[in-house]
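Chains as they are written, first to last, in this note's numbering: chain G, 4 to 359; chain S, 4 to 359; chain P, 4 to 359; chain C, 4 to 359.
Each hint should be verified, as a subset may be incorrect.
Any copy, or any two copies together, can satisfy a pair, since identical chains are not distinguished.
To be verified - Quick list of in silico lysine-lysine cross-link-like pairs, DSS-like style, CA-CA up to 25 Å:
| id | residue 1 | residue 2 |
| --- | --- | --- |
| 1 | Lys-207 | Lys-156 |
| 2 | Lys-10 | Lys-64 |
| 3 | Lys-101 | Lys-337 |
| 4 | Lys-21 | Lys-97 |
| 5 | Lys-89 | Lys-21 |
Rather than coming from a laboratory, the hints here were simulated on the basis of the structure.
Residues per chain are reported as follows:
4 protein chains.
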Amino acid sequence: MVVFLDKRITDQQLEAIKEAAKSMGLEARLVSGSHENILALIGDERGKELRSLEALPGVRKVMPVEKQYKIVSRDGNQRYNHYDTKIVNVSGVKFGAKKPVMIAGPCAVESLEQVTELACALRELGVDILRGGAYKPRTSPYDFQGLGEAGLKMLKRASEKSGLPIVTEVLDTAAVEQVAAYADMLQIGTRNMWNYALLSAVGKTRKPILLKRGLIATMTEWLCAAEYIAIEGNSEIVLCARGVRTGVTGEYGRNHADWDVIFPLQKETYLPVIADPSHCGGLAERVPSLALSALACGAQGLIIETIRENAKPEEVKCDYKQGLRPSQLRTLLKKCADIRFADMRSRDVRASYEEK
Amino acid sequence: MVVFLDKRITDQQLEAIKEAAKSMGLEARLVSGSHENILALIGDERGKELRSLEALPGVRKVMPVEKQYKIVSRDGNQRYNHYDTKIVNVSGVKFGAKKPVMIAGPCAVESLEQVTELACALRELGVDILRGGAYKPRTSPYDFQGLGEAGLKMLKRASEKSGLPIVTEVLDTAAVEQVAAYADMLQIGTRNMWNYALLSAVGKTRKPILLKRGLIATMTEWLCAAEYIAIEGNSEIVLCARGVRTGVTGEYGRNHADWDVIFPLQKETYLPVIADPSHCGGLAERVPSLALSALACGAQGLIIETIRENAKPEEVKCDYKQGLRPSQLRTLLKKCADIRFADMRSRDVRASYEEK
Amino acid sequence: MVVFLDKRITDQQLEAIKEAAKSMGLEARLVSGSHENILALIGDERGKELRSLEALPGVRKVMPVEKQYKIVSRDGNQRYNHYDTKIVNVSGVKFGAKKPVMIAGPCAVESLEQVTELACALRELGVDILRGGAYKPRTSPYDFQGLGEAGLKMLKRASEKSGLPIVTEVLDTAAVEQVAAYADMLQIGTRNMWNYALLSAVGKTRKPILLKRGLIATMTEWLCAAEYIAIEGNSEIVLCARGVRTGVTGEYGRNHADWDVIFPLQKETYLPVIADPSHCGGLAERVPSLALSALACGAQGLIIETIRENAKPEEVKCDYKQGLRPSQLRTLLKKCADIRFADMRSRDVRASYEEK
Amino acid sequence: MVVFLDKRITDQQLEAIKEAAKSMGLEARLVSGSHENILALIGDERGKELRSLEALPGVRKVMPVEKQYKIVSRDGNQRYNHYDTKIVNVSGVKFGAKKPVMIAGPCAVESLEQVTELACALRELGVDILRGGAYKPRTSPYDFQGLGEAGLKMLKRASEKSGLPIVTEVLDTAAVEQVAAYADMLQIGTRNMWNYALLSAVGKTRKPILLKRGLIATMTEWLCAAEYIAIEGNSEIVLCARGVRTGVTGEYGRNHADWDVIFPLQKETYLPVIADPSHCGGLAERVPSLALSALACGAQGLIIETIRENAKPEEVKCDYKQGLRPSQLRTLLKKCADIRFADMRSRDVRASYEEK
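For reference, chain G alone in the conformation it holds in the complex (with noise of 0.2 Å):
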């Protein structure tokens, strides 16, 4: 750790800074430039916290240097080098290959009709596997909230016919292990990326997460999410960036797009790292270039929201207005394709970077 001392810091309190530090099991040493001085804290920083010396007379800045999250880390896993991806399996399904995982269903499961003929043509036009949401987090209390275990069912039916496997949303520790029971993998949404009791929870169980960014969240506290997940035993975690709220959110989408994190959360982690397209954009017509361009930046598979060929505004009961058709979501599929051939990933573009 290291401690910004104030320029006026007297003796008398540079001792009380080094005295508590030493109650931490921390040596101290004064680092003195010209201008300002440094103490450097020397020791196991794990489990304490380092930041109440900030509350010390003559203290102005405290940076704790190790990283809060361990086992997702690339520092703290040898099997992973400086480029690698884990591998997650969802039923056959690999996030982290080479080839993008495509991820593609409806907002919410409305009826077995619905699901199931838009499973079927997903299924034709190469998308792995079939999202759709059973219970609904909605801002208002007066919106559809998903239909629960029946929208499971559905769903399930709809995998069958298909022949995808699910990922599907699961908000509560009291439903995981029925979600379970239906998902191939279960997706934590950005309201529950700081729901730790939940994170424990899917931690406990076998299945592969999906684990959203939270609404503003840094990509430590992300990490820290995942690292709740993985302490339970289930390191099968893909990470989906979704776009962030923020100072210029709204005019002209409905969250602000964060594909900038890809690349640095890559270097970070092993990790997967996919992206949702359709929450930053808010709108069919801006969903294409976000996809594209999150693929550019290093994503490992998309998650796009769909819609029926020919489903009307006033039938469909969240999201219609992001929802791509199949016949449009072909069309980004192919291009999605070219950009793969043209071998833009971000850990090419990273290794081309550093080998000059």
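Fit chains S, P and C to the known structure of chain G by using the hints.
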């Protein structure tokens, strides 16, 4: 609902929009200006996915008119006039009455001795309610997570000894019953404002709820969260501003103070609103001015983290640096009383403004 | 304009609003729904302070309908259809044509040798335009502020030697004439997007303008800034996205990439839009993926900071850490050509989307 | 400076970092912990591009230690102790003294009658300084841009008649001399906080400067802007908080109030700090509580927009909706005096805090 139309909309596109509106049970009336057109849609908006229309060609923007929260809105509850606040009674302490409610206590319950000593000291200072976390949501899984039920028991003992009612956080639906057995008031923390399962669960208890604002929640989302509780039959809700994360957070505070939400919020809802200056400032020396300014902005109470008079940084497991010592809190409470005497509460400010 | 009314508005309040609208030359039409009322105000909105009505009792919100920018809007210029981009010609280099324009060069001009060597190297790589700052806006007054006119002369020499046209920043109205005497294109930087005196001044020149987005500017404000230039008779404007400051800036980048603005921006305006990945990434290794994703999002060019092949950190006065070396840029440009080959430009993405 | 190193740094990489530091004139000292390493670089940091080192392999992060502003920092000026504020004298009105300075007046000067009538009314209420814009920076070029020199003359007449000194905004270096000929204090608005040419130009005058915070400026950037003025020999500077743009702006205000910066700012600098509640609230009814809370946070003055007692919305060209009428301002000023009586200024709050 109002639909803003593209300047170059075609007749065919306009017809399609009207058709969709009609299918939603809304009557469309075109209002033509000299330069731009709008379409007013008349009818009951509730439970409809109105924004779907934004995907139709020729639509620039859709503006729903109705509020998404009803029970907690002044509009929806004729018992409360333009100024009145609902009185929320927590074991005899009244939120929303003339005197601001003072909540104080440790970030986390760490020992029986710690919490009892603090509770008694706070009682002496005139504090109304004891706070203290038994279940702590921590960014890192390696940090202290609270003592759980053992902590609740210590809180209860401290409460009995000091005579102060208790507010404590609940993190998971599975723990609601347990926490409610000990606490006088249940806290929903920032990280769980979007945890709708938990909101519903505490709405089913008969305990008053302290509902903190989500990390970057809009006022609307916050009121919708309150609505999730109220819809279950429990409208004994106190809202708590605690700062949000923004583009200037971190350089000089932990969260960006959001006291400016208090006045508009009190216009929207009759629920009492309090403020948490500790989690904004992030450092004890910043707490007093934030506390006073919250009261000047109309806050009807404060929740302040405290540490024992002689607490040392290495001893406290959580938020040492933002905790006030009882002696510091005494000085602050005296100033709070002065500001109260100066009668600068928002209600009076508003009333005097509007009388002019 | 649309006025959203309070549910409990009185007849008297409604009359006062109508009266005020009438005095503004607008006709008021009440549209009554089953739950809420709105007032549509018909007439020419231009040059009127319409939001004044928001202060009247009974008004919840006012929504002007007309756009504040006209010349630079597709709506206001019939020469450009739904897709076409205006060609902005900078000494033979065409922005808005099929091939993305590549601008590269040092952050600051530091010596004749530096800028000439770089210019020739960049020319060889196929770069179209040379960038380089002679006047540098720096956060600290103690940092290198640029060489001023001496720097402009060096740029000119480098331009003559390499054959590349020059774009360089102008910071002050007093320097516009001088900078215009040397430069082929004038850059308005992020810090000056709201400097209306400067925008007017460059609007009076006949030089093409590169207009960067302000640090947290809305799309509307950015287009209004372009309008300030265009209204003076100069609509040879290229817009440049360069990231904005948000609640997640700093942890893994210098500015939060805003490529998601490109598609909606291109719907609003016919002006070409390019992107600056260097100021988003803030670190050379992050630049390539940001550059590629900008193209995938529809950027019609890139501006990239470069350093000399063997530049050492202690030698470069500005932005060393985000500068690409020519060899790194070569690799990137090859990938850019691939992505172009994949034909993923926004226009085509949009066209293919809309054809469905 | 402190360099945080990668856990897997090689000896060769470490040597290269040390070498680069040496070339910058800094001595490198490795501090090894049990888990992580840091490199402390000792020497004079000024004028060096220290962050360049972040581009070197093996570096995780670089933290400069020295502040980028010196003259305006308490550290750099031994005349001011831990609490004292510099007195900035504007034609007899003293910023930084015990009594908060009250500035009020119209957004824009619109007529001689308007500004004179208002000035006299404000004088009677005890206002200290008259504000009013002759040059108005407006988002849209079609909005009223101010009366220019004619407006300055009206201001001057109103000042003579009322006896109030004037503060007015200057937008362009070319107009500094002219505006300074009329004004007692020059305002640098939010949009120009990064306009370094303008900062230098007003720094060369002998007029006191009112420096508003940039739309999303950090505290450091703001103090650096003050330093640009001070370095020219003019340190008669008053800082003005006026809200910033964030992820929650717009729903219930114009800018997100930033009073939480006041306390930390006053720790960093001895310059007086005032607040502008009008541009935060954006609506007259929100201004009083924001004004009071600014004082409670330690603001040493307020600047408040006003309209004439009987002003109608259709008559006022700028910011009608956030203007207070004199009768409303009277009520507010009375409350301000009460809060002053309550002695809740930040300095005293801080002093009382630290005495404990």
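Right, here's what the structure says about each hint:
no.: 1; hint: Lys-207 x Lys-156; verdict: within (23 Å within a copy, 28 Å between copies)
no.: 2; hint: Lys-10 x Lys-64; verdict: both (12 Å within a copy, 23 Å between copies)
no.: 3; hint: Lys-101 x Lys-337; verdict: both (17 Å within a copy, 21 Å between copies)
no.: 4; hint: Lys-21 x Lys-97; verdict: neither (51 Å within a copy, 43 Å between copies)
no.: 5; hint: Lys-89 x Lys-21; verdict: neither (42 Å within a copy, 35 Å between copies)
The earlier numbered hints that this structure contradicts are 4, 5.
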